[in-house]
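Top to bottom, those sequences are chains E and S.
Numbering of the first sequence is given in the working numbering, commencing with residue 1 and proceeding in unit increments.
Numbering of the second sequence is given in the working numbering, commencing with residue 1001 and proceeding in unit increments.
Just so you know, not all the hints are guaranteed correct.
[Unchecked claim] Only pairs whose alpha carbons sit at most 25 Å apart, straight line, appear in this in silico SDA-like list of lysine to any residue: (1) E:228 / E:182; (2) E:228 / S:1132; (3) E:228 / S:1056; (4) S:1056 / S:1184; (5) S:1085 / E:208; (6) E:228 / S:1079; (7) S:1085 / S:1005; (8) E:228 / S:1148; (9) E:228 / S:1032; (10) E:228 / S:1169; (11) E:228 / S:1061; (12) E:228 / S:1184; (13) S:1085 / E:198; (14) S:1132 / S:1037.
Bear in mind the hints are in silico, worked out from the structure with no lab data behind them.
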Amino acid sequence: MTEPAPTPGPWTFATVESVRPENAHVATLRLRVPDRRAHLPGQHYIVRLTAEDGYSASRSYSVASPPEDAGVVELTVDRLPAGEVSPYLTEDVVAGDEVEVRGPVGGYFVWRGESPLLLVAGGSGVAPVMAMLRSRRLSHPDVPVRLLFSVRAPEELIFATELGPETTVVYTRRTPPAATRPAGRITADDVAAVAFDDGPAYVCGSTGFVEAAATLLAQQGYDRSRIKLERYGSSGS
Amino acid sequence: MRASRGFTGRRRGGEPGRLPPGQYDVGSGWPVLTAELTPRLDLDSWSITVNGRVEKPMTWTWKEVQQLAPDRFSGDIHCVTTWSKLDTSFAGISVDTLLAEARPTPEATFAVATSSTGYTTNLPLADITGGKAWIVWEHEGRPLPVEHGGPVRMIVPHLYFWKSAKWIETITLLDHDEPGFWEVRGYHDRGDPWREQRYQGD
């Protein structure tokens, strides 16, 4: 490793600057974190909620904002129907609330400027690779980048206004009217169209998605050392 | 303590004190959090080796390991990502059985467990001896699923579960501590859930 990953700071109370809906079940919390330690794109934060009687619950959420965004951390949260923490964060929290957080955490699924950069995301698994895409735009504009983004249907797409020609969206269940590719899970052809000859691939989504995508990447010539996986939606709710 | 406005929580996990601090009961679920692509291992070519600071480095094939004294674990497992799985069970053999044949030398104080994927994790020798660690191939009476480390993994249930190397192939005994895959990336060298040793410095 070129540099160690930032170690998590102590638990601290962040102030919610805004809560921004991304789609019907995903929202982004913009948090002002006192004494923030700059994260590496791909790292996450832990959020801890505490009830009046002292009961607490904590979960990890990827940082979607780039480290260049001074003093602020944006966590993109997918509301899980039977969740304990995600419904509170997406439905109950309002600007001005304080939320207890600790971070940044995780030193594996991180991008330090390696080039060229391939990003593969399923659903809300786009959050940590969004931090990479945003950081690349701000600090590494010469790094070639491609994002293959799999969503179920047009209304599931998030961050749409920030996605440019580097992004290929694959619709798995239903496409927009003008689409030429039929709806369906990502295929070897989809992966072949975005693969680079060298550089890393960051794959984030459900465990089924990342296994399928990483297997296709391996068949496309990506050896295991070039593929980094982050499995979502399974660490709890 | 500062409460989160309006948060009540779900409160599962049985009697008070059953869950380590900061953990929640995942119920019947079992999340998969492997960093690498799931490997497909052929049991005919799989083996487990104990080497390093031992009197007799040993390797057992799948057939040989099944001839060893069977053992099982029943209890709770705890993941650093805050889920715990209560009252679960695994069957295989005790790590003590392997070490009894390989015989650690007096200077052996730590171990590194290595997976077929190259994943490593470090453990004090005292944490894998005395009935605290197992090599297992059954979960709740069925073959261990590949995404959970099958066909054969190590379990060290009293530590956070990243210490329980999936797809185990080698246990190397050392005279010093040597941080593994997650430990060099900020996670704790020991990982005791009851002391919340999640990250370096905790």
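- Given pair status - residue 182 (chain E), residue 228 (chain E), alpha carbons within 25 Å: violated (28 Å)
- Given the hinted pair residue 1132 (chain S) and residue 1037 (chain S), is their alpha-carbon gap at most 25 Å? Outside the cut-off at roughly 28 Å; violated.
- Quickly compare the C-alpha distance for residue 1085 (chain S) and residue 198 (chain E) to 25 Å and report which way the hint goes. violated (40 Å)
- Item | Agreement of residue 1056 (chain S) and residue 1184 (chain S) with the hint, judged by alpha carbon distance not exceeding 25 Å | At roughly 30 Å apart (the allowed maximum being 25 Å), residue 1184 (chain S) and residue 1056 (chain S) break the hint.
- CA of residue 1085 (chain S) to CA of residue 208 (chain E), is that 25 Å or under? holds (21 Å)
- Query: Does residue 1032 (chain S) lie within 25 Å of residue 228 (chain E) when you go C-alpha to C-alpha?
  - Reply: Between residue 228 (chain E) and residue 1032 (chain S) the Cα gap is close to 15 Å, so the pair holds against 25 Å.
- Restraint status (C-alpha distance of residue 228 (chain E) to residue 1132 (chain S) at most 25 Å): Since the Cα atoms of residue 228 (chain E) and residue 1132 (chain S) sit roughly 32 Å apart, the hinted pair is violated (cutoff 25 Å).
- Query: Is the Cα-Cα distance between residue 228 (chain E) and residue 1148 (chain S) 25 Å or less?
  - Reply: Holds - the C-alpha atoms of residue 1148 (chain S) and residue 228 (chain E) are around 18 Å apart, at most 25 Å.
- Message: Please verify whether residue 228 (chain E) and residue 1056 (chain S) have alpha carbons no more than 25 Å apart.
- Response: violated (37 Å)
- Item | Agreement of residue 228 (chain E) and residue 1061 (chain S) with the hint, judged by alpha carbon distance not exceeding 25 Å | Violated, at about 31 Å.
- Between residue 228 (chain E) and residue 1184 (chain S), does the CA-CA distance stay at or below 25 Å? Status holds; Cα separation ~16 Å.
- Verify the proposed pairing of residue 228 (chain E) with residue 1169 (chain S), using a straight-line Cα cut of 25 Å. The given pair, whose Cα atoms are some 22 Å apart, holds under the 25 Å limit.
Going through the hint list in order, the structure does not satisfy hints 1, 2, 3, 4, 7, 11, 13, 14.
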